[in-house]
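Just so you know, the sequences run in chain order A and B.
First residue of the first sequence: 3, per my numbering; consecutive thereafter.
First residue of the second sequence: 3, per my numbering; consecutive thereafter.
In short, the hints are calculated from the structure, not lab data.
One or more hints might be untrue.
When chains are identical, the list treats them as one kind, so a pair holds in a single copy or across two.
Claimed, not checked - Derived lysine-lysine pairs resembling DSS-like cross-links, with alpha carbons at most 30 Å apart:
(1) K415 <-> K601
(2) K535 <-> K52
(3) K535 <-> K62
(4) K405 <-> K472
(5) K360 <-> K472
Source: prediction; values computed, not measured.
There are 2 protein chains.
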Amino acid sequence: MVNETQHSCSASSSSKSDAGSSSGSESSKDSSRCSTPVLDADRHERLREKMRRRQEAGDKWFSLEFFPPRTANAAVNLISRFDRMGAGGPLFIDVTWHPAGDPGSDKETSSMIIANTAVNYCGLETILHMTCCNQTRDDITGHLQKAKRLGLKNIMALRGDPAGEEWEEEVDGFNHAVDLVKHIRNEFDDYFDICVAGYPKGHPEAESYEADLKHLKEKVFAGADFIITQLFFRSETFLKFMKDCQAIGITCPIIPGIFPIQGYHSLRQLVKLSKLEVPQEIKDVIEPIKDNDAAIRNYGVELAVSMCRELLDSGMVHGLHFYTLNREVATTEVLKRLGIWKEDPRRPLPWAVSAHPKRRVEDVRPIFWASRPKSYIYRTQEWDDFPNGRWGNSSSPAFGELKDYYLFYLKSKSPREELLKMWGEELTGEESVFEVFTCYITGEPNKNGHKVTCMPWNDDPLATETNLLKEQLEKVNRRGILTINSQPNINGKPSTDPIVGWGPSGGYVFQKAYLEFFTSSEIVTALLKVLKKYELRVNYHIVNVKGQNITNAPDLQPNAVTWGIFPGREIIQPTVVDPVSFLSWKDEAFALWIEQWAKLYEEESPSRMIIQYIHDNYYLVNLVDNDFPLENCLWQVVDDTFELLN
Amino acid sequence: MVNETQHSCSASSSSKSDAGSSSGSESSKDSSRCSTPVLDADRHERLREKMRRRQEAGDKWFSLEFFPPRTANAAVNLISRFDRMGAGGPLFIDVTWHPAGDPGSDKETSSMIIANTAVNYCGLETILHMTCCNQTRDDITGHLQKAKRLGLKNIMALRGDPAGEEWEEEVDGFNHAVDLVKHIRNEFDDYFDICVAGYPKGHPEAESYEADLKHLKEKVFAGADFIITQLFFRSETFLKFMKDCQAIGITCPIIPGIFPIQGYHSLRQLVKLSKLEVPQEIKDVIEPIKDNDAAIRNYGVELAVSMCRELLDSGMVHGLHFYTLNREVATTEVLKRLGIWKEDPRRPLPWAVSAHPKRRVEDVRPIFWASRPKSYIYRTQEWDDFPNGRWGNSSSPAFGELKDYYLFYLKSKSPREELLKMWGEELTGEESVFEVFTCYITGEPNKNGHKVTCMPWNDDPLATETNLLKEQLEKVNRRGILTINSQPNINGKPSTDPIVGWGPSGGYVFQKAYLEFFTSSEIVTALLKVLKKYELRVNYHIVNVKGQNITNAPDLQPNAVTWGIFPGREIIQPTVVDPVSFLSWKDEAFALWIEQWAKLYEEESPSRMIIQYIHDNYYLVNLVDNDFPLENCLWQVVDDTFELLN
């Protein structure tokens, strides 16, 4: 396997503990072990290693191709799609490169930024396409440097479509994908995993099928790690191609590109672009139903499923690459029917990890951003080191300001009109706000018949885990304890528990009960009296927008509220209540009242003033019950508080 | 309080979380919080802070004075005494300085080395005495630099006895203790806590009691932090002295020096040296019983107890300083009767912490050295950083070689003859070795009627915790599974549990079951077959003296086997099974067979060859049962192994 020995893995693979020849005290010097427990090998491996490991384990996998959106709104939707389709467990996604769309820019619709968002904010292993023709060496190097800086680790090296008919090869220019492969290896050594395109029917411009295979071999020998193919319509086409590749010495993974037919027009367009011919038997089915989208899609799904089954059954195919056309339904359907869509895959940590290499060792975060992980990632993007092992070990660098509430990947998925329906066209007092919180918790429609499916602090419906606390949450929200975050206590449930489990199997997970809410100063006064009785058991932080802060936390110590014990590992404690970070979170949590809610209303309108009043006068409170083996006492604390008020 | 404001605390006191004026994201920049949870404030405070905290809390305390031993054997005994008397919870000990005994040298009997051992190996807060007369400035600076380098943090600054009758004050020389105090503050700023001596009856050489008080005030104003007094025989003497001190503006702590009379001759000698007069009522009692040591000691204890009670009851005294004369019985008796000897004080961590400032943050160690903590401290003394939070976070520096098995503080307390009686004058085969291990576990006498109270790997009788496993341990040792370390599994017992508890109250402690033993290759072969059944549950490391190593540990990851969850804290995991360190421990564990046991016998003797055979052919095995909430399966593993062998 020339392309594998050429650039052998330089990543930080932990050395195997074969100490047969090591002499004890010396081996500790030479140890190259990881600085953090490898909870999830995926986080530490590069894409080609993941591919190899899956193949060795006999696991079938899939990947998803997307193109960059045209508008900012479409970008928001695409990112939501990444999150939803990411839940099915793709090995990677890839983002295409459109020279006309300024693909390397900082625009929210550029290929570069979409790939960046997928990696950093959605935690997806991502391949960025890159084409080289009609570009200068400096342009290309600049794009690659930027990709590296953003944490992108994989490039699909393509020639791209020449601009205009008159295109001629330039001497010493980038005329073919192989030139780009060589350039990447020359300039970036082994940093990137490189993918190249294969054409099961031969590239339309190639002199012959055989000549095209030779080009492919050149690309692989120049340093490509694997091949993704152009779409095709029959499994035999791919299997023959694969055998032909192997016959001439191409031994790297070759991943078939699958195109589920989703509509008459998209098929025609694609065929035109790719210069492929649609087999007659497919044309025969499609032509009569060309105006029935649903029928065509059903047929496309059938066709893709049966072709994929043939490929997988051949024993030669381990992964399938889907051309999604940025749509969800058909691809998801195919994957589910093939049984390789892995709904609710095991969580390596209680929160969604980012795929930036800098964050590889990150394994502890403050609980406050539980529902706003993208904001947390954004506000910590400048950090050089990420806390691992223990939050208190970090040098606690500053959180970045969250000034721009309109960063497209932080934007609410719901438009203004919908938010007004959920949160009230007109508020009549603090009670109308209590009502909104209560409806969000219960899932019941508000008095105008609209369900409240998101809140400024939660862009998604209630988490399954929070559902466990629903009844109590409803009760307290109704009375003005406006909850925005909570978790139940857990005393050693298996790490495979479908609701609260995370991490590798065979472990045990634990939680301290947590409750975070906004509430009035009147309630805070009573609460503080009640908390005196719970002084040794409950830790609290109570702060208003001005930063007045009341706490019984010892010094500035963080309190671990989620942790797990696993076979052969050190303790993992991924979530803490950190008094220092809480003050950064406080700014964000209070600002969301104004930025996301108050600003829905006219200035000086009563509705806006009500939200402004809450923002100015309420306190943000968090409570931790340290006695995790006992029954959660936080509800008792709240009950006692209401009783005191009566 | 001039002497306190003069040099305000520069230690790393965690800033209080009064964030009233801090603006969130900025406060995280300025945070000076500790890098590790303050499990035990004692570890982070300097002596004067500890004193103040105890006084504020109304806790009474005591301290103990020792003089350096004359011989290496006496040094070994003194160190054992430090360990035993340290268990009673002294706030500090102090070691006197004898210019004639080369006190600053590296000799095992020097004041410097004894104080070093007390701090680093016994974990005791220690004051090193230092005298200044007849010494050059460079000598003194050298001693102080060495003390600092060794981790000593407190100096008792004394003039010392002038050499010869003809002594005269030198201009610019060190003529009085105050010169030494000034020198320390000049050269070492606030690094050391400084103690000075007070004379309740006035210094014998002072012009007057009043003049002596003035000298004392000078010493305090020059930078001393507290005063320890010369001994006295009546509480009124001290209380008057204290009031007189306060009257002239001395406000720092003044600690009465207590001398429990332990014998006629020691009293006479001390009186001669200190030029004190023994009150007639004491002489009247002692003279008639001067040849009855026990009677005098009983009287001395009575006297000390009643005087100490008067002092404590006065409300002016918070701590008592005992002149032990390097003896245990009388002082311990007085302390117990006063109720300030704190038998089995709460352990801040499962292992005894070292008091070196470098080790302040250390909170995780490999389990292997559980019974040889001094060896662990010795072998890691060159480390610049100590693991905290997580073992894997450390850069895993090399363990120092343990070449000198006769470092006095690592030496067995038992002489060769006693070891031979315990471990066998003559061994007849491996079974005689099994027998020794079994007797150590059961506490039953061996066949020659001698109890086995120590082993090369354990210089003390079985730990209380290990007693929980006694029955099973006996069974397996009898059959050649020669256990040297073990702990039961614990699933969340209160941190105040008298046997397995540690850390602050209100927490919960956990353990994974652990078993470490030497055994034959025959048993190892069977064991490995059995372990296949327990692959996912039990982690093992099996290594022989040549370093052949068999393990199922993932990569080189450490496995946390002791951890604790405390209110308002991050998780503490003080003990790990670390595969890398195990290979360093292996060298030590195998060497102990030869150095401590084989070498008791003549070269080429059958007994020596038996131990040598075991050393050369046995394996060192450690097993961890990861399923801490279930019943410990390690005994089942061993039973299965024996069954397979039958």
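At most 30 Å between C-alpha atoms: does K415 with K601 qualify within a copy, between copies, both, or neither?
Intra 16 Å, inter 78 Å, cutoff 30 Å: intra-copy only.
Can you give me the call for K535 and K52, within, between, both or neither, at a CA distance of at most 30 Å?
Close across copies (29 Å), not inside one copy (53 Å); limit 30 Å.
When no copy is named, should K360 and K472 be tagged within, between, both, or neither for a Cα gap of at most 30 Å?
neither (37 Å within a copy, 49 Å between copies)
K405 and K472: within-copy, between-copy, both or neither at 30 Å Cα:
neither (33 Å within a copy, 64 Å between copies)
Since the copies are identical, ignore which copy is meant and state whether K535 and K62 lie within 30 Å (CA to CA) inside a copy, between copies, both or neither.
between (56 Å within a copy, 28 Å between copies)
Hints 4, 5 from the list above are not met by this structure, while the remaining hints are.
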